[in-house]
Amino acid sequence: MKKLSLALLILATTVKVSAQNDLKYNVVTTAVPILLVSPDSRAGAMGDVGVASTPDANSSAWNPAKLAFLENKKASMALSYTPWMSKLVPDIDLAYVNYTKALSDRQGISASLRYFSLGEINFTDEQGNSMGTFNPYEFYFDVAYALKLSDHWSAGTALRWIFSDIAQGQVVQGLQTKPGQSGAADLGFYYQGDYKNIKGGRRQAFSAGIAMTNLGAKIAYSESGNADFLPTNLRLGGGYHLEIDDYNKLSVYLDINRLLVPTPPLLGTNGEIIAGID
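To convert, note that position 243 of the sequence shown is 358 in the numbering used here; the numbers rise steadily by one, no gaps.
Just so you know, the hints here were simulated from the structure itself, not pulled from any lab data. All C-beta atoms, glycine included, are put in the ideal place defined by N, C-alpha and C. Don't take each hint at face value.
[Stated by the list, open to error] DSBU-like cross-link-like pairs, simulated, lysine-lysine; straight-line CA separation at most 30 Å:
no., residue 1, residue 2
1, Lys314, Lys364
2, Lys188, Lys364
3, Lys188, Lys216
4, Lys189, Lys216
5, Lys311, Lys216
6, Lys189, Lys364
7, Lys364, Lys311
8, Lys311, Lys189
9, Lys333, Lys293
10, Lys216, Lys364
11, Lys188, Lys311
[Claimed, not checked] Simulated DEER-style distance windows between Cβ atoms:
no., residue 1, residue 2, range
12, Met161, Gly243, 35 to 45 Å
13, Leu375, Trp276, 14 to 24 Å
14, Ile371, Val212, 26 to 36 Å
15, Arg318, Ile371, 18 to 28 Å
16, Val142, Lys293, 23 to 33 Å
Use the sequences and the hints to build the structure in full.
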């Protein structure tokens, strides 16, 4: 069981604070940062690369454009479960289920659901008095579509509904909280080259991808007017694929990520802006 401090850490993304203004630096924070965490085991095991990796049932989580190059033309489902930060807290987890289908040789679709549970949290007030035990959670529902633009290029998009109930209707810093809701979209492009013969009887190919994810409106957890950015992200990557023989292949990937969220202004002790723009 965890204390309210964990919830307040997450809620800090929705409240502008200036506790360390004397240090003259700011931390860029967003709401629902779990959207940047790998939901599937394959990408997680490869260091969270996926924008240019070979298409699979989880492609829409990284680059929806890859759905147009699915080799398996039958409908498929993927299910993942991730105990998150289990060495620190035992009951935080991320569950993910995805349905994928190739509509033709040039089109693919998918639908997925992510559920993030923060486990049991004992909420306390400013005096340390217990306010009860709650189970904050978030979930995200996606639909995606991709179309081949040519034999080697494709484009894809995904639409996302976000629901985040991390304060369970409690009063935090004098504000009545509510579940945060928002909509977002992903846009991606993918390149898949043909395999070509090289020395030694082997073949090689290259792939590349670019995706902008979580493009959407800010999310608010109260009626105060304060709202926070979604974790809008630009992901650019490439892949090199080497066929060693008929049964073995080696792939090397590189992803570069850029969080497209502005740095918050630096505030003085009275809440005035001393650096940056609000």
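These are the hints, each one checked on the structure:
no.	hint	in the structure
1	Lys314 - Lys364	holds (16 Å)
2	Lys188 - Lys364	holds (21 Å)
3	Lys188 - Lys216	holds (7 Å)
4	Lys189 - Lys216	holds (6 Å)
5	Lys311 - Lys216	holds (28 Å)
6	Lys189 - Lys364	holds (23 Å)
7	Lys364 - Lys311	holds (14 Å)
8	Lys311 - Lys189	holds (27 Å)
9	Lys333 - Lys293	holds (14 Å)
10	Lys216 - Lys364	holds (25 Å)
11	Lys188 - Lys311	holds (24 Å)
12	Met161 - Gly243: 35 to 45 Å	holds (44 Å)
13	Leu375 - Trp276: 14 to 24 Å	holds (20 Å)
14	Ile371 - Val212: 26 to 36 Å	holds (29 Å)
15	Arg318 - Ile371: 18 to 28 Å	holds (27 Å)
16	Val142 - Lys293: 23 to 33 Å	holds (25 Å)
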